[in-house]
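Protein chains: 2
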Amino acid sequence: MSRSSTGETGKTTTDISPTPTAGRPRRITVQSGIQDTILHPGTVRINVQGAFIVVDEPVTPRNGDYEHDPKDIRLPNHTAIVSHIAVDIGGSLAKLVYFSREANSNSIGGRLNFLKFETDKIDTCIEFMRKLKADHHQLNGSRPGELCVMATGGGAFKYYDRITETLGVEVIREDEMECLIIGLDFFITEIPTEVFTYSEDEPMSFVPCPAQPASIYPYLLVNIGSGVSMIKVSGPRQYERIGGTSLGGGTLWGLLSLLTGARNFDDMLKLAEKGDNSTVDLLVGDIYGTAYNKIGLKSTHIASSFGKVFKMKRAAENDAEDGCNGDYKNHEEAEHVQGSVELPHAPGTFQPEDISRSLLYAVSNNIGQIAYLHAEKHNLPHIYFGGSFIGGHSQTMNTLSYAIRFWSKGSKQAYFLRHEGYLGAVGAFLKRQPMNWGRRNSFESSVRNSV
Amino acid sequence: MSRSSTGETGKTTTDISPTPTAGRPRRITVQSGIQDTILHPGTVRINVQGAFIVVDEPVTPRNGDYEHDPKDIRLPNHTAIVSHIAVDIGGSLAKLVYFSREANSNSIGGRLNFLKFETDKIDTCIEFMRKLKADHHQLNGSRPGELCVMATGGGAFKYYDRITETLGVEVIREDEMECLIIGLDFFITEIPTEVFTYSEDEPMSFVPCPAQPASIYPYLLVNIGSGVSMIKVSGPRQYERIGGTSLGGGTLWGLLSLLTGARNFDDMLKLAEKGDNSTVDLLVGDIYGTAYNKIGLKSTHIASSFGKVFKMKRAAENDAEDGCNGDYKNHEEAEHVQGSVELPHAPGTFQPEDISRSLLYAVSNNIGQIAYLHAEKHNLPHIYFGGSFIGGHSQTMNTLSYAIRFWSKGSKQAYFLRHEGYLGAVGAFLKRQPMNWGRRNSFESSVRNSV
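First to last, the sequence lines map onto chains A and B. For the first sequence, the UniProt record's numbering puts the final residue at 451, and the numbers step up evenly by one. For the second sequence, the UniProt record's numbering puts the final residue at 451, and the numbers step up evenly by one.
Bear in mind the hints are in silico, worked out from the structure with no lab data behind them. It is possible that some hints are incorrect.
Heads up, the list lumps identical chains together, so a pair's fine if it works in one copy or across two of them.
Claimed, not checked - Subject to a maximum C-alpha distance of 25 Å in a straight line, what follows is the list of computed DMTMM-like cross-link-like pairs (lysine to aspartate or glutamate):
#1 412 / 165
#2 313 / 202
#3 412 / 67
#4 412 / 376
#5 377 / 240
#6 313 / 376
#7 377 / 165
#8 377 / 123
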């Protein structure tokens, strides 16, 4: 399915240089913009001129209910009233983006704030939005009743009635895929030090904003949340979902919550960092006793994820049935050969660390291979990974990067983003922009379709 | 990596009609063949003329040590002495193929027997081979000392010394990939009612042997054992490993042995048949409350395998901490909305049946998608699924078939085999064949390379 832009075209509120300039000329939003905003909440034009990332102490301390991402985006030149917030409600997490004026500051402009909630605690998210509505005047000068919520993700449909009724505001629903790519285009094109490549030698190598925004197309977006969507993007708002897999973040979190004592995603990742997957994975060397040189598989190549578990578990059970002194054990010892699969440690004891690492590798490698194959099929040289699964975790990014390099023999490159979890929310926030806003003309029109 | 045939060319011992005939003319192996066999064990020429599958009562009762597949292949016209057996030792299973004369029968010919052992119990397999060696004269007329073992799979290297020393026979190692495709070519080309397509409406629709053997190329072989290999086959003995995934049978067996009480693969499959994956998988309908029509995803589409587990498990833990009468539970009930993810039954209770079905779907769907993408990339219209993972299990075949149809929009077809687990073992058994043996000339040369 391919979409091109349709709908009414917004008005330009800023003058744009035909070519990017080295300096960051300050633009003032014209007065008519404010009038439009009051008449049409949600159609405000955000001045992203000179936007950049500021890493602050968290504005709101992290707690059990939500997490305030400390990587705000400063919008030093935006002066108009913002009367909307945006929320992207996925299967596991709800992501919220809102604009606020600088507190205790005389400077113009403000910042985009990024928060995430668990979708199961959606009422906490709705309560937070209710508070934003109450504080709206203080935050950016509009009246409480003027707030409008831009909503995307599956939860925009599922929780539509609840949000509308609780907040008493207009909720405008936007298509999830479209918001993702609008958000990604914005990050790629407008925000310095946002996009980076990852390797063990150079963990975070930033990619400059492109001189020609059109040069970013075509690309593949791999969005990894609970599940995985792969979206081919051919141009501004021209996209098609070409694939996906159900083996995503939800699979990792779900299986690890059953298999380890970890109760949250951060704990799982910490476990994975300490683990050794070779105690549970069957490696090529375990099968061959050496590498399978003929087809170029190293002895450390993972032949089967969790491939050692079944036999080791059963050996342990047989042992237990034999009262731990039966024939089986002696038999095992007599049988043991160099490089054998059998039991480097006591059978049946699997460490949570090793299980976590194995599953993280399995899910990440798998996504990497499928992403490469879709990129290959559609001739897409650049692959962007977004979604909350990645969470800035080095092992995950390293595995994804490695998979893309391995499968493409170095011809394709994996890109990551510092705001990887907020593509959809930012896209929903920015969607209603006039023609030619922003430094790089990265959006060609303003569309207002309720989905 | 592409290989074409090399090495010495064997001699033809049977006359072959230039075109296949409807009847099955009886061929007698000439005397020189027997002399050659004695001089060069392992170079015997199997007469596959008129071969067909017979489904018998198991010759050897199934027991804990090995399984005798009841689907023997009758070779009604083979009269020469066979002085070799073949074994394919994989990461989880060792597969054995040997020839035997018909017991209590005056008919000429004999049959191929198929057995599998667990690789962890490799000594049971070696003991079985020792017994075959002792019985060799009775089975097919050669002397015990003449037995030769053709070995393939990783275990052919890992256990080489052990087999050689225990049996005191020559062990000839063959490349795993080459054996797989020789075996598959044989099954496709020579054995009626071997290859079939699968759908729910028509579970086993047999594909006739091709009139022109060359018409089977190119094809993709997806071999699913502990891990998965994907091999592009362009012609007889022309192949390249183009991909694979570590998410294979070993992953399913390993994770299910940890997550369910099942202690063997058959039990796991029985559990899966009774399960309902929607209690653990996050479906599109769970996220949207409806289908995501815009991109054609049905509400029953699996968005995230095990995507419900994390939140349900944590809810259960919170409940337990609250003494099961705390705020959380009331909160949950108040929050419950139509079509919600939350808790169709008591939180935290996951049925082994549901877990098994979810994981079987996840692994099979994933293999199906990756297979389709590789087939698409290399323009391969036919996809054959082999390996012990499939095991004739209808749910697995249905999921694989569905995945290929879904992703290829009906343009590609999944094929299965009744001897799916024995491709490598049969290939090793048949490898040393003379030029132009067999009804359909499916092998062009005899190669003798020790790997």
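So, going through the hints one by one against the coordinates:
no.: 1; hint: 412 / 165; verdict: neither (47 Å within a copy, 49 Å between copies)
no.: 2; hint: 313 / 202; verdict: neither (40 Å within a copy, 38 Å between copies)
no.: 3; hint: 412 / 67; verdict: neither (34 Å within a copy, 46 Å between copies)
no.: 4; hint: 412 / 376; verdict: both (9 Å within a copy, 19 Å between copies)
no.: 5; hint: 377 / 240; verdict: both (14 Å within a copy, 19 Å between copies)
no.: 6; hint: 313 / 376; verdict: neither (40 Å within a copy, 39 Å between copies)
no.: 7; hint: 377 / 165; verdict: neither (46 Å within a copy, 50 Å between copies)
no.: 8; hint: 377 / 123; verdict: neither (42 Å within a copy, 46 Å between copies)
Checked against the numbered hints above, the structure violates hints 1, 2, 3, 6, 7 and 8; every other hint is satisfied.
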